[in-house]
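Asks: Okay, here's what each chain looks like letter by letter:
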Amino acid sequence: MLQLTARLRDRFAQWGLRGPTPEAAPIVLTQRRIYVLPTKPGLAFALSIVVMLLGTINYSLSLGYVLVFLLAGLGVSAILHAFRNLSRLHLSPGRAEPVFAGERAHFGIQLTNPAASSKLAISLRLSGQSAVLADVPAQGRTDIELALPAPRRGWLVLPRITIETTYPLGLVRAWAYAAPNLRCLVYPAPAAKAPPLPLGAGDQQGSRLGGSGNDDFAGLRAHQLADSPHHVAWKAVARQAGDGLITKLFSGESSETLWLDWDNLPAGLDTETALSILVHWVLDAHIAGFSWGLRLPGKEVEPAAGEAHLQACLTLLALQ
Amino acid sequence: MIFKRKPTPPPTPLTRRQGVWLLAAALAGFLPLVPWLPPWMAPIAGVAFAWRGFLLWRGWGLPPRWLLVLLTFGGTVAVGFQFRTIFGKDPGIALLGLFLALKLLEMRSPRDALTVIFLGYFLALSQFFYAQGIVNAVFMAVTLIVTVGAQINLNHAGEPALKPLPTLRLAGVMLVQSLPFMLVLFVLFPRIPGPLWGLPLDAHSGMTGLSDSMAPGSISKLSQSDAIAFRVRFKEATPPPQSQLYWRGPVMSEFDGRLWRAGAPRVVEGLPYETASATSSIEQEVTLEAHNKPWLFALELPVSLPADAFMSRDYQLLAKGLVRSRLRYEVRSSPKLAPGVAETESTLNRALALPDNINPRSRELAARLRQEANGNPHRITAALEAFFARALLIYTLNPPLLGQNSVDEFLFDSKRGFCEHFAASYVFLARAAGVPARVVTGYQGGEINPVDGVLVVRQYDAHAWAEVWLPGQGWQRVDPTAASAPSRIEGNLAAAVPAGDPLPLLAQPAFAWLKEIRYRLDAVGFAWNQWVLGYNPQKQKEFLESLGMKAPDWKSMTSALALFCGLLLLGFTAWALHQRRRLAPAQAAWEKLSRKLARHQLARLPWEGPRDYLTRLAAALPQRRDELSVIEGLYESLRYSPNPPPELLATLRRRIREFRP
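Residue numbers (numbering that gives the first Met the number 0), protein chains in the order written: chain A, 0 to 319; chain B, 0 to 660.
Calculated directly from the structure, the hints in this document are not laboratory data. One or more of the hints may lead you astray.
Dumping the calculated DSBU-like pairs for lysine-lysine here, alpha-carbon to alpha-carbon at most 30 Å [to be verified]: (1) B:234 <-> B:514; (2) B:162 <-> A:39; (3) B:319 <-> B:549; (4) A:247 <-> A:234; (5) B:102 <-> A:39; (6) B:234 <-> B:319; (7) B:540 <-> B:292; (8) B:88 <-> A:39; (9) B:88 <-> B:538.
Isolated chain B (complex conformation) (with noise of 0.2 Å):
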């Protein structure tokens, strides 16, 4: 830059190639991110794109400038009255999308079209705020290759024009030898836990998840949803049944008649129960999808606690943050504890109380029920059971809604409901009979992916049911909806609802094959969020250390990172100094004597032909004439002659390399 003096020339118009390969470019960027851009936009950069390509295939000019000065400012808009903001992570992807698109009709010169370039890489980095599978990761490849293909283009207006395949395998070409920096940087740059600055609100918007609060239809939906929840790999070699997989989540006492509440969660230091009795258990090492929520899960109940993680007074596991990136940790559960045999007081109030005045009905069968049973807990949960399994009750996942007396609506009128209905009634039921109760929500199953054994529960096995507290043996699990649809725990979802009711794709039974595919996929996509996404400064650090690396820290990354890029330099500069020049054999040879005379200050000059040099060089050493003159000869029928027999370069090579000046 220093050095440059250039008299800055009018801007050169763009090429209508150059314009086109712009326009390629330009789309590779923006269709990956369709799906995230507000509706409305697509059709309009469409517009924009054809219009381009129009202009470009009619050899027509751009539009005026005022015309898309006014484009621009509708556009952003537009933009600002979707999202109430113009700033912001969607907001600012989507102003991207759409400066891209218009910028394409106001390329009048190398620096719009620079703009452009620059737009496309940002465009396919945007594309991982919302998504990062192995498919955004092809998306980047085709919009990489196609966008350094135009760069290259730009930077060659002269004829003749470069053609589209060597451009791309130029492309290709650079971007496979930026694979190896990647890797090395990728590996070796110290990984900081984000964010360096706060966070927009928005950051994490879209997560799907469980919430603390359950109303009822709020785990149905969840049930329409194929993500992945959560993985996890089972230390021992027989995973425990079905019927056994309940995976703990939030726990719900405060009931305020339509909403349970988790309320905020009182922590405790350890464990707050006795795990002496746990003969057996089971460890997990759960690789957590991000929620934007604290909560972590194990199978009910734990009885180590994972690093860096803590539990509430009520058995949930909690992380110290909110889980905004896939997390792994490893917690060893036993089925068989009996939690909370002296529990306070205060608990068991807060797993009593109802609100006054609603589901008069419900309150009517707890009270007879209770009255039956002589007020003795064991026999009003045994009572309370039998009740739910002789109700005929529907499990479906399109329950109708539900009104005031939402309890009463679904037990004695619709009797059609998902999990959370069934929890919720039964805990009212409970509390109403004078049982403390209260709803636990978490996941229940999941599928075992029979191609690398790793179990995973997605959204779709979202589940609640109840946990009532009885004396002498403190918190019991008891699943309702078992009562009603047992297939629902002991198989899956699919086994559980009505035929007719809209399953996730995944959970239909008539797409197996589909299925088969989704395991090798998920296999994949396992292995890539183990080693691709989940490379966090933790992964790092071991992956670093089982590399022989001894307690990395970024002053010991840095110098690797300084070690490993400057090695790849060394053979990358060793690679573009090395061009190999296609001399005919006997070239080659007659250039070596050439190089062997040349301390003697007898190289060949340029312009001098053999037999020129011949006499320049019998001229400087007499004594070797003869020898000179035979390789001269030599040479002369390997070049000139039509058909030189084969042994002759073999000689003309021996001679070079014994003559001795």
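Here chain A stands alone, though its shape is the one from the complex (with noise of 0.2 Å):
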């Protein structure tokens, strides 16, 4: 029987979309696609306006009638009000950062309101996810994310978001449904235990001489949490006016290269073990400062440093 509602529950939402998936964007919340129902306070309400009816006829209370149809029109005032408080607004995807596997993904979503009224209390879901709510100004835009867990590597896809809006009363819950355009890549999960950098190994390019990369300053960058201590900038973080700490780069570092080859890891590992495991020495080679490059069966990345060039690489590994 759940399961029941629950695929009825999906075709609905399906059908509710009206039209294919993903949808391009803007995605305009019009009329064709909002859907209004009582809520269980919305069907109290309606409950205790019968009570109240009765007791009006019954003690023939002229004013009891007035109160009784003002509150009957609130109800009717309450449907229209959730329904233009959802209407017209403006759905466009935003940016989703990659992240690794078993992180949470945020899917950045733009609501635009083009109307002259502010949209308040818009909440938006994912499926099985708790709500987000935002209030959108009058002829103004608000960003906001949405969080899901990203199990496995590769592109996770939005899923349908819905979109509702019980404001102002509560009796009401107006909503739609949208997919918006947009995925997240994620990157394999660096392996918990890794087999140390095949230094030394490959192409025997990119053996590290000892210690002579701390030789020549290069530049600063972002502490992160591999960093040695001995290398932060203490007086530049002292200097900065914001918190966080500041590497120093020493240009030896970028000298040196280093083959991460698929071929090279120990053998009988599944695929995706294998990949945490070039995961997590890509991310070492990167903290280390090393130049890197990466070795796939049919694919190659030719060695480099550098943001951009650890990008390509997990990129990479997570469509592997």
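Assemble the dimeric complex from its two separately framed chains, guided by the hints.
Replies: Laid out in structure tokens, this is it:
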């Protein structure tokens, strides 16, 4: 029974989207895709009105009629306001920064309100997740983030969003479904335990010459957890306005080249474990400031260093 | 609901702002009820409200649950003790008030808060069980607006918090939007004459009015009340003189020594007297307040029966049931009738019966008068009137308490009494002298409201007079009060009673300006009663017929109701759909171009700037390239140059209007 209702609900949502998914941006919540039904308090409100009406008729209270009919009108007004609160809201996909498997992916959604009145207490919810509440000012926009667990590497496509509101009276729920075209890249999780970096392996060019990389100061970057405390630029930290540590980079590090090779991994590993170890290595190499190349079956990234190179390698590993 | 799938989150605690709003809503619901709650409840609820306010102010937690359970239990017991039951209207409303006050201290989740809101709506209704004046309608409006405001806040927990004024404005807008629905429903919802089920016994308690028995002091108690008994609109331009305004009510023939009783009314078919002798008649349109008794009032004596009314053998107008809601009827009366010339023996015997062994001095007086008049009833009544005129009796609102021989004590000792003393003594003397007589109660006089010309009869106009039966003349009205205090009959209560007697505020001459205001309010109140409170099944039918509906019944009313509600709904839906987008004029024109080209799949994409769009259009419509580039140039200057000449806009609009892809 539960499964049946769940399936029906899913079918309804599919139909409720009114078009192919994912949808082109911006998604405008038109009246065709907004649904309105009473909430539990709304049903209780209707029941109260009926009880009051019975009492009013029984005691022939003229002002009772006035009150009961006013409350009924209020219920209608609540429907219209809830509907209007959602109507013509624009949804556009924002950014979704890559995450590692096992973390939560954050999908940015931009809500735009072209109307002359603000839209309040709009809730966005992914199935099974807790809702995010937002107010969108009149002719303004609000950026929100929807979090979703990312258990597996690869592309995590933003599932269907339910946008709903019970504002202003909580008696009716107006809602719509949307499937913005947004996906998040999920890198494989770095292996908890990994063999040490294959220094000196492969093409032999990547060997690190004992400590000579610490010689020439090359610049500064934000401190990362794995950076050695010896490399913290304390003077720079003291000068800067914000908090957070700064790491000194040394030019010697970039001269080293290291090949991280699928074939160099211990034999007998399954693909996921192998990828995790490679991710671990790539991160280690990046943190240590090595210049490294990556070889996967049928693919190869030329040795390089830096943030962009790191992203490129992780992307390749995610989609392997 | 079917499609709702929400992992039920733990109830979110209420914010302080929501707490303040709920406190305000509870106060707004509770305050209008205070006059009708048991007197001990207001201070207790006040303490609960103050306690809650203090906790909100200090940001402290709510009291423990066991304490609230104890308070609720104690309060319920107290209410039960006060009313001897916890069921019924009065204890029910008292309990509602109590629960509201205590629920405020037990608000942990939005669900509790919602209970407070709904209790507030119920409390707004319950004041109407006691009063339905304009003031109560105003109270209802205030209660509603604050409660709706609280409800709005309840549904907006996030930051930034809603400000109070815009919240109240939204609540006001929503209530104003529900007004047309209310009006349509009020006018067209088929009115069902209540009650639907048996009314509890206390449903109509607390209504003031005449009763079917009269003891010394019962009418003078009524005379302390300003409440309106009924209103009369005369069809004639000049109303009858004040001294002719005797509004006949219960007629009392049975006397047990202390209490005069009407006895069970004996009903007759039609009118029990000849109306042929009626030369002129006075037409009256009476609007009678509910008084929970069957009697109707009319000038003495009616020559026509109102619809759904009949008359008793002692000429009292009666409705078919108890008058439990305001009733309007038309009746004609003629002052010059001699009814009951051929009265039955049994009625006359009833009108002569007296209990033995009381009021010996009065009996002695009556016997002497009878002897002096040789038993002639005409002369006896004349002698009685002369006695009352000479007896130096004082008409007062504060008569002393009388003992067993009340007539003797009044006539010979205290000599101070109100109209019921006069009437009862006169009837006693007449009977003792062998003239059939009875007490008639009702109202005397009334006050013409100069604003709308309606005569208002209040409870303090309640009066008692006598009726004697004379052979050949039938029943004749005698007002012994008039003999002692003629100004009561020709003027009003204030003119008749000695200075220093506590008068109802409105009867006091010093408050003339208050009276003036009261006249105006009364006129408004009369319209209010006629159209709002008096809108019963009968009035609804009349009103709808006057609007051109033929033979309105519940079917035609329901269809009209559906039609109007549907129209309203359509109008409001259009409003909900139409949301202004405030575009700059140039932007609006540019959008129009995009809409024109949408038919050719060339609508502007949301992210496309004017130049990109132009490039794409020019590629798709090469033959229109020049025109398009002129339009784009105009748009660009309008949007981005610091001070575009205003005529550019007109040119842009014209060009876009004339553009054909």
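Asks: Could you run down the list of hints and mark each one as holding or not?
Replies: Taking the hints in turn, this is what the structure says about them:
no.	hint	in the structure
1	B:234 <-> B:514	holds (25 Å)
2	B:162 <-> A:39	holds (27 Å)
3	B:319 <-> B:549	holds (28 Å)
4	A:247 <-> A:234	holds (11 Å)
5	B:102 <-> A:39	holds (20 Å)
6	B:234 <-> B:319	holds (25 Å)
7	B:540 <-> B:292	holds (25 Å)
8	B:88 <-> A:39	holds (28 Å)
9	B:88 <-> B:538	holds (27 Å)
Of the numbered hints given earlier, the model fails none.
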